[in-house]
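The listed protein sequences correspond, in order, to chains C and E.
Going by my numbering, the first residue of the first sequence is number 1, and it counts up by one from there.
Going by my numbering, the first residue of the second sequence is number 1, and it counts up by one from there.
Calculated from the structure, these hints are not laboratory results.
It is possible that part of the hints are untrue.
Claimed, not checked - Partner residues are not named here, just some residues of chain C that face chain E (Cβ under 8 Å, in silico):
(1) Phe51
(2) Ala78
(3) Thr111
(4) Tyr153
(5) Asn271
(6) Asp272
(7) Ser282
(8) Val386
All C-beta atoms, glycine included, are put in the ideal place defined by N, C-alpha and C.
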Amino acid sequence: MTYRRAILKSLAGVLPFSLLGSVSGGEHKKPEVPVLSPGRDYFKELGVIPFINAAGAYSAYGGARMRPEVVDAMRYAATRKVKMNQLHDAVGKQIATLVGSEAAMVTSGATASIVLGTAACMTLGDEAKMRQLPDTAHMKNEIIIQVKHRYTYDRALTVAGATLVEVESEQDVLDRVNDRTAMMFFLKPTQQGDDIAAQDYIALARELGIPCFCDAATTTPPANNVIEGVNEGFDLICYSGGKGLRGPYSAGLLLGNKDLIRYARRHSAPNDLSIGRGMKVSSEEYLGMLVALESSLNVTEEEDFLYKKQRFTNITEQISDIPGVTTKVFESDSITNELYLDIDWDTKVVKLSREDFIAELRRHNPSVEIRLLLFSGGRIQLSATVMADGEDMIVGSIIRKVLLQFS
Amino acid sequence: MWPEVIDAMAYAVEHKARMTDIHDAVGTRIAELLSAEAAMVTSGATGALMLGTAACMTMGDLEKNERLPDTTDMANEVIILKSQRYLYDRSIRAPGAKLVEIESTSQARDAINDKTAMLFFLLNRSDEARIDVEGYIQIAKQYGIPILCDAATTVPPVKKIAETMRAGFDLVCYSGGKGLRGPYSAGLLLGRKDLIGYARQHASPNHRAYGRSMKVAPEEYLGMMVAVETSLNFDEEKEYQRQLNLVSLMGRELAVIDGVSVSTHVPAQEAREPYIEINWDERFAISPGEVKQLLRNGKPCIEVRALFLSGGKLHLTASMLEKNQAPVVVRRIKEILRKNAPNPLARSGRA
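With the rest of the complex left out, here is chain C:
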């Protein structure tokens, strides 16, 4: 809210153009264009139902909540003009220094990082090949992937024209690598584990002279994991910008080898040689991503946990007296050190199924989304990552109301 007010204040009196009447002419009926006023409630106008996000930073829910300093940086960039490549050079350099990588680029998200990184490994700066994509005739176009690392987003590996070659052991890698192998892909973390551990996989790639790419998109917070990830020695590693790092929604990072990053940049906007021109990144996002990373690296895990635990306490205090209800704060067992609040109840006392509970929260006004059962292993879990100040109190009172209603 403060940002909104600040921006309105800063714009007052400097509106460069007057906004006059409605559009004239045209034999077709013009829909009425609303009078533009600064206090517009767009979602209300549009009939879009807003919700409180107690689920986590998912793309479909609009990602994370950006830190105020990220929003400030974006506003700074939105009101100043600079050449995109120059800004990208400077931001990339700064990010690389922060995380200790040789080079860095900002992409339009972790998926774009995968597409551009793959394209870079297939073409290695060869302009004719870059122009030829996604047709990969006469170029390296095979990507080695562990069967246990097959996942939803491996779709991005084939967008630039590559094909996937599955492996289950080091011997498989040795057997399947050939002249057309462009890249070895690694995913972390996986629920199924790895057949070949990261260090062995990297060593193997190095021995075979093949670039090794790691998708570590979901391994933050803490942001320190980025530094550790870079340290592991992958040639390229990518992160989501709009989730754990609380940066801009459609931004991500690609970090690693200087040459590969340079090649990847030539595939991407604003350059138009290759397939990535559609993956545009704005100047706001370049700068926002840098500031998001800086801020995230400055927040220790203890501070982050303390903050989230306080939010959970504000919720549990409102429901702990309801008979049959138990709550527990726990740390997820994956590489991402995320805190969740687990809520459980005796269904003989509170006569409500998990599915119905979720539906009740969704139907409520204001609407609340919690972690999908699919991700929580069928349990009721809340995340404090995206909730705004005060929303924890509201969520607590809604949950109390729903649980009591079925008690």
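Since the structure of chain C is provided, determine the placement of chain E on it from the hints.
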């Protein structure tokens, strides 16, 4: 960006809603405003071009969606006029389409076959007068093949969008961050409801979509909608006059240098953006390219129109120029030209 757009973007940063809910509502609203059947916000005009092409190749077939850019056994040919090959046709090929060139629109009939996915048209090129656009659209209708139009450079005037939609194209692409003054990495795909639906299947936030990498933020959805509203409310004639006055004023200031001539131009075809062309006689020891370079490297850094777009001449436009910036630009160009003037009087600054 319009101040209203920045405000809308700030709102979307604060308020959370499901991405598809926002996109549905914003799409409906934009379609209504621009006389289109349906609309979606993309990551830019190129994003619109890629998703539109992908939609025409897959037509909602989920199995085909999953396979792109491998287009074996699907309609993957895009018909394009040879005279309309351009920088961004690269992006038509990105999802796996193949370009089939024709010399004139009447040849489209012969080029169409089972593999034809789409007819392509680039709006507002200098060759337009020689092209039978209506006939081309008719052929598309007759054979039931979608026709996509790249109209990215045709705004302002924003009113032209509704006109273009009425011409009968099935899909039309626009840039969001340029003439519409919306978010930099946003664009519009407008057109047939079924095709927009298919294009959205290919787009973010769908996890396994071909275009998941071309992410659009909630700020960009809302910002794009408000950019369209604001542009429609805006008095384009007045803005055109402002630009014309500003460039004319700059032209008069520059023409006082001996040996320098300035002419004012208003392009009829492209976006209606007045500009001045600055010429100086051959006795000056500097080329337009060198002036451009000195302007770029000077303080403050000044960018003029790219020479390949201006036929090697020095062009100045005012669409991005604020009133107080114009004297600075004039002063810098004067300095540079005078330093390289043949006449010592001019060099001393007294001419």
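| query | Checked against the structure, which of the hints given earlier come out wrong? | reply | 5
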